[in-house]
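Undergrad: These are the residues of each chain, in order.
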Amino acid sequence: MEDIRILEIARSYLGSNSIMDEVTEKKINVLLNDIKSTVIPRYVYNIYDISINSDVISFKDTVLKIKSKDLSDLLKSSPKCIIIACTLGNYVENKLRHFSKYSVSDGLIYDALAAAYIEEFLNDLNNELEKDYEHLTMRYSPGYGDLKLEVQPILLNLLHAQKRIGLTATEEYLLIPRKSITAFIGIQNTPWVDAKILCDTCKLKDVCELRKEGKFCGARKNIK
Amino acid sequence: MELEKILNKKVIVFDGAMGTMIQREGLVGGEIPDLYNVENPEIVKKIQKEYVDAGADIITTNTFGSNSFKLNETPYSVDTVISAAVNIIKEIRKDQLIALGLSSTGKLLEPIGSLTFEDAYNTFKEQVIAGVNAGADIILLETFSDLQETRAAILACKENSSVPVFCTMTFQDNGRTLTGTDPKTFVNVVQDLGIDVLGVNCSLGPKEIAPIVEEILEYSLLPVMVQPNAGLPVLENNETVFKLTKEEYVDQLKPLMEKGIAVVGSCCGSDPSFTKLIKKTFGRQIVKQRNVKRRTVACSSTESVFMDKRIKIIGERINPTGKKKIKQALIENKFDYIINEAIDQINSGADILDVNVGLPSIDEKTVMLNVLKELDGVINAPLQIDSSNIEVLEAACRSYNGKTIINSVNGKKEIMDLVFPIAKKYGASLVALTLDEEGIPTTCEKRVEIAEKIIKEAKKHGIAEERLLIDNLVLTASAQQEGVIETLKSIGKIKNKYNIRTTLGASNVSFGLPNRHMLNKTFLVMALTYGLDAPITDPTTLDIVDHIKSFEVLNYLDVESTEYIAYMDSRQIDNYSNNKLFTKSKDIKNIIVNGLKDEIEEVTINLLEKEEPLFLVDNYIIPSLDEVGNLYNDGKIYLPQLIRSAETVKKSFDLIKIKINESGLSNLKSNKIIIATVKGDIHDIGKNIVKVILENYGYDVIDLGKDVPIDVIIDNIKKYDIKLVGLSALMTTTVVNMQETICKIKEEKLDCKILVGGAVLTPEYAETINADFYCKDARETAEVANNFFK
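Note that the protein sequences, when read in sequence, are chains A and B. The first sequence lines up with residues 631 to 854 when you count with the working numbering. The second sequence lines up with residues 107 to 896 when you count with the working numbering.
Hints are not guaranteed to be accurate.
No more than 16 Å apart at the CA atoms, straight line, and that leaves these computed lysine to aspartate or glutamate pairs for EDC-like [what the hints assert, rightly or not]:
hint, chain 1, residue 1, chain 2, residue 2
1, B, K703, A, D736
2, A, K710, B, E342
3, B, K430, B, E768
Covered, in the sense of this in silico footprint (three residues per stretch, anywhere, with C-beta under 8 Å from a C-beta of chain B), are these stretches of chain A [to be verified]:
hint, segment
4, 777-791
5, 800-809
Hints in this document: simulated from the structure, not taken from any laboratory. We put the beta carbon where it would ideally sit given N, CA and C, even for glycine.
Please model the entire structure based on the sequences and the hints provided.
TA: As structure tokens, this is what we get:
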């Protein structure tokens, strides 16, 4: 993982696309080093043969069936699909709680760095997976488009995520620990090219500050 | 098999994996294997018969997920699935014991998750009763990764059955569980909870698990159990497989077994052929006995603090006696201040923190439980529970996530009879005051006598002397000068006679004399020289820690003075960097705009000596805030700096408020605003930023926290007669709870307006849900509030 990429993503979360004031930058470096030396991202994934019928994706040898037009579109050329769950774990969660009491400004920076860290980690992991499983589509997570959050607990169950990496979902389908990502990634035989999908299907497309500036949020970063 | 006859004498063999075995029989991904007990019992029976034939001494029920949460969506009750599981084994066992296999609820407990300790306990209780009623001989708690959940499960076992309890947690390759518990802390916490066997299972193969097991063997006074996986998981052909052969497995286990393992089995990826070879190789071998050192220790869930040769500092600041700000914080339920005191003490060098929330005007039990919960995970140091109320002690010990120290028990029979059972049940250590029915003794000899009485009585309750910290009580030098040395002598005497640790509150002695700090420091060093192990003191007081560090050099504890040198070096750096910034900017506006939190207090104090507080606010603070706001709007500074400025202003305000109150000016009556993140949502950074900004503008912000139930919001609106409420939500699924909250508020016809914000919100949606105001960020919130209260 490159620090530069992590910092770039983190700064964009903090509302800047360039270097900020001296005190903030110092704090960013201290906290990034803290994260690098203490956080172990954990992940678990499995690969499933899938079949799609009328916007319903069935995962072979499992109880999982998902109805989602947007996910079906993404996976339309994928005979197989990776389901992946990743988390930065409890340590980060406790650190965020610590900062929420002790220093909200530090907490803001730490939160942005942690979010960037897990994004970059997954981007790197994506590149690794791409070597073994050409060709991968983009990552698509519950909450995107019409892929409902309700699928989280089923997905976590399938991967034994609670046991393997300590990742759970609340009754409102919120992932805990918070700095966590679950995603579907299609494996297709030809290179994946359709990049329009994400912004068009996002609920915030009309109010998104980044989109107004012609930028993308972290979800699109792994697009070449 | 008669367990008591064999346990810890000859090696006992458990069965192997069930989950992976059922997968081979066609279990589909996402299906619950436990349901096979009811829907396909022949398959379960077949597998377990193979384990019986392979020679297993104990067979585990197929009930890894048989709790009310996981079975919720199925047509079966916990009792149905568990009794079916037990009965299957009953049909095929010969002299094997049946182990009720229980594991995690699958949910994270408070404060990180939302599952309460009580709800977790009740889930386990339900399972325990079902299993024991059906005929289980022992209970196996396995594959737990969270210490608090483990505690709930153990208590559920101990309070609802009398069968032996075996408890294994699962550790990752970094040597900790997923929620951060290391092996020795696990051992220290659970081994005094009345269980019979402890150990580790799953996640790792025998080779990787070895260092974890070795640490457990070093600390555990109980027999140790291991059930590793058949190696590390590997993804092969869309399937997760474990690659060790049974021969490799047994080979890798051999060196561990020789170190004293009493119970052995196998976990994921294993099968009856593994069990057969394990039984052949290790079954009924003599268990190597270990000589385990007896240690005095206190634990959080992530850290063990041992009272060994080194001095351990117990921080005393969290105590309302004589501390106005703490009193205020406790009365108003504003725990942030207390959390900050805790963090400051840790940063100053405290190893353990004493927590006392005893105030007549509050519900001590509820407040204590809330403070403990807030501190859990935010600091890593163990906590010492300080209360004279038995109910509070019991409730606190029950829910404390670790091994606490009870402050205190003493030599009075009545007190010992009440407190020792609590310490015994929850595995707590205790501070023991050497006073009895006759009061505080005057002589060294009497103190030693009482200490002996306490030690003897503790033993009767099954509490060994290493769980006691003797506090010989020092009175004031002003009233009983000749008594001071008696206290010190008794420390030495007791430590000579018994292998026991001592503690002492070192600040009492100076009461009533000038320059208390000088007397306290001197007394501290004298006490340390007599053998004091754990002074209860204020580590944030100038040079208390310096004295302790110096003592450790001179008493040859800090070998080659490495720690002392590093400590003194780091203090130099702090001073230097503070000075550097200070010489650059003394101007208060500059300090606020740049968010220099470390410099604001000195400058504010200086200004308050020259000017009236309100003059300061109007002529320095407000203009600076306006400047910061403008710079931010113009894109010249960014959010982190904005918030840091706000925090800097807050620090200044805290001092200004004190001055205003002292000078008897009419209390700045501030408008109250409630803020909360709605039920189901735990995102709170935005809300916290709003809080800091609103406080800058003088509002009294009542922060109800996150995941706040609707009725809590309603109750607080009524309680404080609130006119403005701010709600935050960051998920599409929780924003509906916002709507519900607003509905309820309007239903109750409360005279109160609602302001909403959060990433997923839009002005249109805010209108749809009947909110009165929509704010896109913290500054807009402040503007709206300012206009509202005009």
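Undergrad: Determine for every hint whether it applies to the structure shown.
TA: Status of each hint after checking the structure:
A C-alpha spacing of about 12 Å is found between K703 (chain B) and D736 (chain A), which places the hinted pair at or below 16 Å, so the restraint holds. Only pairs whose Cα atoms come within 16 Å are accepted, and K710 (chain A) paired with E342 (chain B) is accepted, the gap being roughly 14 Å. The straight-line distance between the Cα atoms of K430 (chain B) and E768 (chain B) is roughly 13 Å, inside the 16 Å bound, and the hint therefore holds. Interface restraint, the segment 777-791 of chain A with chain B: holds (4 residues with C-beta to C-beta distance below 8 Å; minimum three).
For the segment 800-809 of chain A, the assignment as covered by chain B holds, since 8 residues bring a beta-carbon within under 8 Å of that chain's beta-carbons and 3 suffice.
The structure meets every hint from the earlier list without exception.
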